[in-house]
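**Q** Work out the full structure: start from the sequences and follow the hints.
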Amino acid sequence: MKALVAVKRVIDYNVKIRVKADHTGVETANVKMSMNPFDEIAVEEALRLREAGIVEEVILVSAGIQQCQETIRTGLAMGADRGVLVLTDVELQPLAVAKLLKAVIDKEGAEIVIIGKQAIDDDCNQTGQMLAALLGWPQATFASKITISGTAAEVTREVDGGLETLAFKLPIIVTTDLRLNEPRYASLPNIMKAKKKPIVPMTPEELGVDVTPRLITLKVEEPAKRQGGIKVASVAELVDKLKNEARVI
Amino acid sequence: MPVLVVAEHDNAALKPATLPAVAAAAEIAAKVGSEVHILVAGKDCRGVAEAAARVAGVAKVLLADDAALDHGLAENLAPLVVGLTSSGHSGVFSYSHVLAPATTSGKNLMPRVAALLDVMQISDISAVVSPDTFVRPIYAGNALATVQSKDPIKIITVRGTAFAPAAADGGSAPIETITAPGSAGLSEFVRAELSKSERPELTSARVIISGGRGMQSGDNFHLLEAVADKLGAAVGASRAAVDAGFVPNDYQVGQTGKIVAPELYIAVGISGAIQHLAGMKDSKVIVAINKDDEAPIFQIADYGIVGDLFKIVPELDEELAKK
Chain A
1 MKALVAVKRV
11 IDYNVKIRVK
21 ADHTGVETAN
31 VKMSMNPFDE
41 IAVEEALRLR
51 EAGIVEEVIL
61 VSAGIQQCQE
71 TIRTGLAMGA
81 DRGVLVLTDV
91 ELQPLAVAKL
101 LKAVIDKEGA
111 EIVIIGKQAI
121 DDDCNQTGQM
131 LAALLGWPQA
141 TFASKITISG
151 TAAEVTREVD
161 GGLETLAFKL
171 PIIVTTDLRL
181 NEPRYASLPN
191 IMKAKKKPIV
201 PMTPEELGVD
211 VTPRLITLKV
221 EEPAKRQGGI
231 KVASVAELVD
241 KLKNEARVI
Chain B
1 MPVLVVAEHD
11 NAALKPATLP
21 AVAAAAEIAA
31 KVGSEVHILV
41 AGKDCRGVAE
51 AAARVAGVAK
61 VLLADDAALD
71 HGLAENLAPL
81 VVGLTSSGHS
91 GVFSYSHVLA
101 PATTSGKNLM
111 PRVAALLDVM
121 QISDISAVVS
131 PDTFVRPIYA
141 GNALATVQSK
151 DPIKIITVRG
161 TAFAPAAADG
171 GSAPIETITA
181 PGSAGLSEFV
191 RAELSKSERP
201 ELTSARVIIS
211 GGRGMQSGDN
221 FHLLEAVADK
231 LGAAVGASRA
241 AVDAGFVPND
251 YQVGQTGKIV
261 APELYIAVGI
271 SGAIQHLAGM
281 KDSKVIVAIN
291 KDDEAPIFQI
301 ADYGIVGDLF
311 KIVPELDEEL
321 AKK
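Quick mapping for you: the protein sequence lines, in order, are chains A and B. Going by this note's numbering, the first residue of the first sequence is number 1, and it counts up by one from there. Going by this note's numbering, the first residue of the second sequence is number 1, and it counts up by one from there.
It should be emphasised that the hints constitute simulated quantities derived from the structure, not laboratory data. The model shown is predicted, which means the values in this text are computed figures rather than measured ones. Among these hints, one or two may not hold up.
Here are the in silico distance ranges between beta carbons for each label pair [claimed, not checked]:
hint	chain 1	residue 1	chain 2	residue 2	range
1	A	R184	B	A30	49 to 59 Å
2	A	P198	B	G307	28 to 38 Å
3	A	Y185	B	P181	42 to 52 Å
4	A	A21	B	E294	28 to 38 Å
Computed footprint of chain A on chain B, listed as stretches where at least three residues anywhere in the stretch have a Cβ under 8 Å from a Cβ of chain A [claimed, not checked]:
hint	segment
5	148-159
6	192-200
We put the beta carbon where it would ideally sit given N, CA and C, even for glycine.
**A** Shown next as structure tokens:
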């Protein structure tokens with residue numbers, strides 16, 4: 001079976017972001033961009049399924065500007081087989097991305113789709129669930145363990161109170177949580193090999209998807225900064241301050 | 001049109017996470033001159049519906065009691081919510097807004113509902129500006145976006161720490177029983193391994209004491225537990241402590257874990273990575289205990305003690321026992 005993994009180009013997680021002076025968004029010019037960390041976990045999981053003989057082919061999809069090709073190359077260097085790049089300059093929101101992914105899946109076919117649970121830029125946590133809804137497939141969100149045998153999948157999910165295990169029939173959408181796996185690094189020979197792997201360009205128009213944003217960002221601001229406090233010399237002083245100054249105990 | 005809240009519960013009790021979502025819904029309802037309804041969907045959950053009926057500001061409780069709704073599976077629950085909100089005429093809705101707490105269950109369910117209604121969800125709102133405009137944190141809370149929805153119905157998840165919870169008592173709403181569409185046959189519950197604890201839940205605790213990599217081992221967390229028991233506190237952890245295997249992931253406070261804002265947050269052996277600060281920086285009072293006086297956590301702490309946590313935490317425990 002085929003596995004499809006969606007990968008998003010985001011500001012690298014080590015970069016301290018800056019809000020633009022005109023409050024229209026966050027500065028992305030000359031900022032290091034990387035694959036969304038949750039998507040790296042998704043690529044890794046798909047590769048492990050291929051190595052286990054469950055999946056034959058791993059297809060990566062990214063949507064956005066031309067530079068998203070680099071994000072796909074990163075995943076190809078990890079070991080994925082080929083890529084699809086949906087090209088558009090329009091700001092893509094999760095509903096639009098889910099519709100694009102559905103159109104690609106209708107074309108390519110896939111029995112398992114793995115996506116990061118959220119992107120670390122907009123923190124939406126929507127795309128996988130929306131794609132599952134559009135396809136009429138089940139959704140295994142926030143996965144920390146995936147077991148597939150035949151057409152049955154058992155997925156353990158990270159939920160607020162602990163862990164929950166659900167059973168599904170394929171095809172299925174999985175969204176990845178942090179503890180699913182530790183993504184591999186791309187080796188130099190694989191980085192070279194990845195340059196020759198095919199990436200097929202498509203457009204929203206070709207896929208018949210209207211990607212017009214539904215949410216308008218009116219402004220982006222920095223949150224109020226918290227002021228640092230004082231250092232205390234002893235535990236007795238701390239307890240006294242908490243009791244008599246802050247009055248929280 | 002009324003505003004609908006999807007209640008968070010375990011069939012036995014209404015979860016406190018529901019109450020800030022009710023508060024956000026009430027704020028919207030006040031702006032549009034409407035009322036708040038709560039959906040309680042589960043199995044054998046009439047007691048939860050009765051609790052929801054007592055929540056202040058709730059005008060009506062909808063109770064859907066069905067075996068297919070037992071574990072809140074999104075595949076079964078989403079069609080129920082969609083059916084409630086759609087009037088049967090395309091583009092005409094019977095609710096103006098549907099809200100759920102931004103918990104793992106709300107985050108799982110609501111985007112599925114939104115996509116079925118062909119609308120964008122507004123995730124994790126921290127303020128209501130107007131009925132169609134909301135503030136939401138992005139980049140792990142390092143920026144705040146004000147967004148306006150162009151969709152005919154607003155599907156929203158609510159950041160619990162950003163709204164003062166609605167009072168759990170004072171209301172007496174009628175309970176209306178509704179039928180559920182049954183199982184979609186796509187998913188099945190197998191088992192849950194939930195952390196058992198006598199302590200309060202992290203997201204609703206008044207006091208939290210969290211340990212980081214400085215704790216050195218999971219066994220050492222008993223030092224924090226002793227203090228937690230004296231303060232009625234929940235015990236949390238940084239991602240570093242979770243990644244090191246000291247404690248389970250559901251202890252995690254931070255961008256990728258739980259977002260908390262207690263009255264008092266005590267960070268022990270936590271350096272203060274941006275990732276962690278994103279989950280706790282809205283706490284009212286922050287205490288940091290760390291041996292490195294350059295640790296970034298001290299920049300946001302109200303009270304800091306520099307020193308060996310293995311000396312300081314037992315001292316704190318003794319000091320609290322005294323009084």
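**Q** Looking at the structure, which of the earlier hints fail to hold?
**A** 2
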